[in-house]
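Make the full structure from the sequences, and use the hints.
So you can see what is in the structure, the chains are spelled out below.
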Amino acid sequence: MAAPRQRPPALRVDPRCRRRVTRVFAGNTLYDYHDDSAFDGCNPLMTRLTHIAACIAVATAGMAVAQAPSQEIGSTNREANLLAQNNPAAATVAALPKGTSVRVLERAGGGWMRVDAQGKIGWIRTLAYSPPTSVATGSGPGVFAAISGAQAAPKVGIGAIGARGLTEEDMKNATPNEAQLNKLNSFAQSAAQGDQMARNNRLQSAQIAFLNERGQPIAGGSK
Amino acid sequence: MKLRFVVALGIVGALTLSGCQQTLQAVANNPNALQHVSQIGEGMNRKTSALTEEQEIDLGQQIASAMLGARPLVDNPAQQRYVNSVGRWLANQSSRPDLPWRFGVIDSDAINAFAAPGGPILITKGLLSRLNSEAELAGVLAHEIAHSQERHHVTAMQKNEESAATKSILAGLAGAAIAARGNSNARAFNNLGGTEAFANIVRQGFFVAPLDRSVEYEADRVGLVIMARAGYDPYAYVNVMQTMQQLKGTNDSMFALLSKTHPDPADRIAAMEPILTALDAQVKSADVGRERFLVAMGRGGEVTATRSTNSKAAPSKAPAKQPAPPRNPTRNPKKVDAPKL
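Residue numbers (this note's numbering), protein chains in the order written: chain A, 1 to 223; chain B, 1 to 341.
Mixed in with the good hints there might be a few duds.
Derived pair list, reagent style EDC-like, types lysine to aspartate or glutamate, alpha-carbon separation capped at 16 angstroms [unchecked claim]:
#1 Lys260(B) <-> Glu169(A)
#2 Lys172(A) <-> Asp75(B)
#3 Lys183(A) <-> Asp107(B)
#4 Lys183(A) <-> Glu196(B)
Not the full set, but computed from the structure, chain A residues with beta-carbon under 10 angstroms of chain B [what the hints assert, rightly or not]:
#5 Lys98
#6 Ala108
#7 Trp112
#8 Asp116
#9 Thr126
#10 Ser130
#11 Leu166
#12 Asn173
#13 Ile208
#14 Glu213
Don't read these hints as lab results, they were simulated from the structure.
Cβ atoms here follow ideal geometry from the backbone N, Cα and C, with glycine treated the same way.
Spelled out as C-alpha cells, the structure:
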C-alpha cells in the first residue's frame, strides 16, 4: 500500500508582502506565481528561501501538492485496480469492486485520476470512474469547485439572480445583429496564426485518421 | 453583398438550375413562386451537396448574426482572441481547414456551444467557466468543428424540409427573393425580408431541435481525433463529459437546452472508449494547458497542481520527460505571462 502523500508546508510569506502567490507544479519543480502588486516593504530574499524550503519538502514528499481536500465523491463504474502510480504496470494497491466510493484527489492528464478509496490512495483510470449524479438542485460552487480543485463556479442555477441563459424563448426573439457579427469576424485568426500559437506552446500535431465507432480508421479519414 | 441573395435562392431552388442568375430568374418569373419553392424542396434531402460551400458560409454568417442578436459577445478582446487561436489551431487539423473559422464567447450563463454552418462557432461564457484547461476547451471546440466539418446542421435542415418551420423559412426566403426581383443587390434582398427570413432559421429552432443522436456521437469521435491531431490530451474531453454528467444531476436550468439536445453524457463517454483506446496507441505527446488556460480566463488564482500539465506524464518515480516549466516562475516574480497566441 502506498504511503499517504505528505502535504507540503504551507507557503509562508513575509507578512508585509502578503500578496497573492500561486503555486504551480511542473515536473518535479514547484513554481510560485506572484501577482503584479507591489512588494513594498517585504524581504524578497527571505520569501525566496521560504519557497525553496517548501520545494525541497515537496520533492521529498513525492510531488505532493498543496490543495484543499476535494469534495468530489463518485464511484467506480467497473472493477478497477487501484494502482500505486499512474502507469498500468504499477503495483496494485487494492482491487476495487464496481461501485466503490472514491474521493477525487487529482485529475491528471492521460486519463488518470488519483483517488482516495476509503483510506487507500492510488490511481485509477478516469473511464473507470463515474461522478456523483445526485446532488442538490440548482448549481452552486460545490460540485464544480471539487472538480477543479479550487474553482468556484458562478451561481447560475435555478433561482439564481441575474443569470442570463440562452433559452428557446431568447432564440425565438432573436434580432440579427450585424455589428456583433462584424465583431466576431474581427477576432478571427488565420491558419498561420493558429500554427504560430501551437509553436509558441509546443503543441505538436500528429497524423491520425478519423475513426469509426469501433475505433478503426476510416478509409480516407486521414488528413 | 450579392452572395446573400444567392444563398436564399440556393436554398429555395436547391440549385435545380445550373446558375444562380438563372435560378433568380426562374423564381422571379414564376407567378406561383412560393408554391414552386415548397415543391422543389422535396428533393432537398437527396441533395445534401445542393448548398455550395460559399453559400453554406454565408448562411452560417446570417445564423451567427441572429444568435449574436440573442446574446452578444463577451466584451473581452483578449479572451476572444485566445479562444480563436485555440479554435483555429484545431480547425487547421480538420478536413475543412480553409473555411473561415470564427470562434466567439457569448455573454450567457447558459452552458452550451453552437456551430453554425461554414465556420462560426459560439461558446457561452457559462460553459467556459466550467472548463479547467485548454485541452478541455479544445474538446468542446473540436466537437463543434466536427459538426461544421461534417455539415451536420445543413443536412438536418435539408432532411427537415417537410417540416412547417422549414417551409415557413423557405417561403420567407422566397418571398424576399421575389420582392427583390430584378434587383440583384443583397441589401435590397435583406431589406425586403431576407435578413428576417434568415433570422427565422434561428427563431424557429435551428439550435433547439436536437440533431440525430448518431450525429452527436460522430461529432464526439471526430472531435477527439481533431484534439489528438492538434496535440491535446483527448481524455480532457472525458473530464468535460463528466462535468456534464454532474450538471445533468443538478437540474440546472442553465444546462437544460444542452441536455435536451444531446445524448446522455454517460452514454457519450461509453461510446468514446474505443476511440480513446485507439488513440492511446497513436498519441505520443499530449498537452493539457491548464495554466495558460486559467491565466487567459483571468482565473490565474486557481492555478494549482491539481491537474497535470502533461497528460502523457510518466509515473511519478521516473518521468520520461520533464514538462516545460511555466513561463513565469519565481525568477520573474512580478507578473504572470499571458498565453502566447
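Outcome of the hint check:
no.: 1; hint: Lys260(B) <-> Glu169(A); verdict: 15 angstroms, holds
no.: 2; hint: Lys172(A) <-> Asp75(B); verdict: 24 angstroms, violated
no.: 3; hint: Lys183(A) <-> Asp107(B); verdict: 14 angstroms, holds
no.: 4; hint: Lys183(A) <-> Glu196(B); verdict: 20 angstroms, violated
no.: 5; hint: Lys98; verdict: 14 angstroms, violated
no.: 6; hint: Ala108; verdict: 4 angstroms, holds
no.: 7; hint: Trp112; verdict: 8 angstroms, holds
no.: 8; hint: Asp116; verdict: 14 angstroms, violated
no.: 9; hint: Thr126; verdict: 5 angstroms, holds
no.: 10; hint: Ser130; verdict: 7 angstroms, holds
no.: 11; hint: Leu166; verdict: 4 angstroms, holds
no.: 12; hint: Asn173; verdict: 7 angstroms, holds
no.: 13; hint: Ile208; verdict: 5 angstroms, holds
no.: 14; hint: Glu213; verdict: 7 angstroms, holds
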